[in-house]
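One-letter residues, chain by chain:
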Amino acid sequence: MTNHWVDLRNSDCILVMGSNAAANHPISMKWVQKAKDNGGKLISVDPRFTQTSAKADFYAPLRSGTDIAFLGGMIKYIADNNKFFKEYVVDYTNASFVVDEKFDFSDGLFSGYDKEKRAYDKATWAFKKDDKGMIERDETLQNPKCVFQLMKKHYSRYTPEKVSEITGTPVPDLLKVYEMYSETGTKDKAGTIMYAMGWTQHTVGVQNIRTMSMIQLLLGNIGIAGGGVNALRGESNVQGSTDQAILFHLLPGYLRAPMAAQQTLKDYHAPVPKTSDPRSVNWWSNYPKYSVSLLKAFWGDAGTPENEFGFGWLPKLDAGQNCSWLNLFDEMYNGKIKGFFAWGQNPACSGANSNKVRQGLAKLDWLVNVNIFDNETGSFWKAPGVDPKKIKTEVFMLPCASSVEKEGSITNSGRLAQWRYKASDPPGQAKPDGDIAVELMNKLRELYKKGGKFPDPILKLKWDYTDEKGHFDPHRVAKQINGYFLKDMEVGGKQFKKGDLVPAFPMLQADGSTSCGNWVYCASYTNEGNMMARRDKDDPTGLGLYSKWAWCWPVNRLILYNRASVDRNGQPWNPKRALIQWKDGKWVGDIPDGPAPPLSDEKAGKYPFIMTAEGFGRLYGPGLADGPFPEHYEPLECPIPNNLMSSQYNNPTIKIFKGEMDKHLTCDPRFPFVGTTYRVTEHWQTGCMTRWQPRLVEAEPQMFVEMSEELAELRGIKNGDKVKVSSPRGEVGCVAMVTTRFRPFQVGGVTVHQVGMPWCFGWVAPKDGGDSANLLTPTVGDPNTMIPESKAFMVNVTKA
Amino acid sequence: MADGYSIIMDTSKCTACRGCQIACKQWNQLPGTETKNTGTHENPPDLSFSTYKVVRFSEGKNGDGKPFWYFFSEQCRHCMSPGCMAAVEKEEIVQDDNTGAVLFTPKTKTLDFKATLEGCPYNVPRQDPKTKELAKCTMCFDRITNEKVPACVKSCPTGALVFGDRDKMLEATKKRVDELKKSYPKAAAINPDDVRVIYIVTDDPKKYFKYAEGK
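If you read the protein sequences in the order shown, they are chains A and B.
Counting in this note's numbering, the final residue of the first sequence is number 832, and the numbers go up one at a time with none missing.
Counting in this note's numbering, the final residue of the second sequence is number 204, and the numbers go up one at a time with none missing.
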């Protein structure tokens, strides 16, 4: 989230799209309801009329996988009807930037496409620069090669009629949503988006979100209270785990995982973004301070300037190596992975194309399942239809503590890190994850002491995170994440002693004199104490920032890019929701995005989008794999024979898996219906925790498939019938839920039916509960993130 | 407390998260019963000796062809003049003077279940098939007499369920209905003068649940 949960209440118009917040983020509706109580409007756009739709002021249906068409049409509407916030767009976005002459877009492809590599050479996507390296700008927005004009041209094709033909949304519904939402493009109005996996789990996932980010920039909705682009994270601490680098391409704090070609720290720092514009903060220019401080956190005194603070001990990725989920399980299926820790997860049900995942598990030598309950992953070897005698994988079950049986921090979608306490001891031999990690590492170190090919990274590790009794100590870890001064020193006119906790990341150093396990968390645990444990309900702005309740990264800034909430003079666009304000030579309100004075200060004023090298919000984004402007492509499996927008059928940059388990069929009469997946309130993710809870199982006991009355009639299915849903990859038994809440779509003159299923069930428990919808989903991902396309694929439904 | 308590169940704010249904079972230590999916999210299928509260789901099409989906968190209304008490002789059912809660005691096993059920306009009382004892919502009597709101109200994220002094609840109900009428001409409170659990609806009550306004 650029904003935070409580802030939803400040919105005048909330668009929920790619999310069913009422079911999956029930508490969010507390703030949505408050926004409604204040006169705010709620819009729900979803293939299915959901619990969220039921509370919406307006609902519009769309076919799964067509969000870019829907939103591209909104961009056209905003541009054509002058609904954009001109001052904001000119001053704070790259609308005025002039793009390289050679940039082109034709029939679904941007310039620089290499068909063999299924990738773009992005050289022609760059901005035009003068001899001083300054980007050429046209603040009148008239230059045909400026971003604004290129954007207008790009989306000129997204007429309501064309969009409707693709999405199946009736034209009047489209226009109603465009009209309602674009009303927030004024100084005194805020519009926000709540999205979740309904946007990310597509082969155009990242571009779905980018399209909305563009809309938010055009309407001046980024950086303001009640605005922003808000990802509703699917687990209570998934924000925290992402911050701490659960993903293969990252180190903590969104630093890059180094590549094999980067043999020295200098090589590693070479791609750090640069700018020639003195008014751009270009925050990432501080990169070396964060990376070196991280190395010092990893290796402590063993990391010296001579050995580049241990940079050589970091594991490196090979060129082109992508270790994301789909690739890992593809490798596992191909027998290339020997061992696997399934830690707090259940890939046998959560992984796309679960049959492939389940078979992959059988190729392992060993599997360690760390969980609070048995699940389909740990018990894959005794699943129905599997002969345990034929499975070679040795499986270890490690029972672990549940969330209330351990102490630590948890970071919610709004980047709020909250400390929580242990309520009781874990049962039996169950241990906190931290203790399991410590014991595992202790054993590894013991073994490496006896020899090994490359013991230094393990043995030289700074490894002092246990208490007197040898148990994992969350406070020691939290303090190291915050970071220390490693010698007596003066920074910014202040004296610090060796061992002091660093007050905030501007004080981190690139010379090895500070350590920090995650720069974005620097300031979370200081000499003043554990900021995450604060519980003060003070709210001086009245905007619900609650700045002394726990601690929000970065530097307790509740709303990101808040420097865009004010005009050039630092005065709030909307004085009624004044987030920050330049008053008597300083900023008051939320922690501003950098202390520099506002733009009207010709010398010291800085652009507000400090995380981009240019300092501007990106309507045009030249960094992504699949293009600087989002473009509609059909899902890999889709119900219509052509992309009605261009002759480029699917996203041209997706990786196509071609193994025997990777069958993909489009417009195949055997699989004529669009399928999608979702969750229910009562079950958590794969249901691994909730399927053992009788009161929850009572409320949602069995796998179901929701379908329209029209489809049910077509297949002779009655409500409550047992049916079989199948895809080219598998099948799953379901109870038919025939509902008025799904309706057929008219797409390109054809009637398209869609069905939806939850992925929270599995064969282990409860009895007759059924199995996961992921048995049907394909192994194909977004080209930027490799998140699987679980939200749009093709299925059949027949009576069982 | 001159007039006891009331609960507002504002269906316009209910998202069917079913926190109330689960919280009710959790606080009252009622078991989850074995159920099947019968083609609806509504489950368990009915109130029972083990279930004092069920969120009812009701869907259909509006005049413009768009779907509607209404949620109705069903429970005992704690009537001002409880019909279930008609046949009571020896305090099998009592109405608490202070709170107004209508409470079934273990003595209900001696009552004529059929008559008690018929006496209830909302079809609420249920019988334990083994002990013959009757059961229903207690307004969380053990909580409200210890300065806590009922478990269902506590769990409600959106403020669809509100608990408080009856006069204040009646006032809030009127205010909310007036507000809703601007967008929903059919907005109304269901029998607010007769019951302590006051449902606010924005459409014909029958579209929510067959016993919404009584049998």
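Among the clues, some could well be false.
[To be verified] List time: in silico DMTMM-like cross-link candidates among lysine to aspartate or glutamate, alpha-carbon distance up to 25 Å:
id, chain 1, residue 1, chain 2, residue 2
1, B, K55, A, E745
2, B, K50, A, D89
3, B, K143, A, E437
4, A, K608, B, D192
5, B, K175, A, E437
6, A, K66, B, E23
7, B, K164, A, D568
8, B, K137, A, D633
9, A, K66, B, D192
10, A, K73, B, E23
11, A, K608, A, D309
12, B, K55, A, D350
13, A, K754, B, E23
Please keep in mind that the hints were generated in silico from the structure rather than gathered at the bench.
List of violated hint numbers, smallest to largest: Structure breaks hints 4, 5, 6, 7, 8, 10, 11 and 12.
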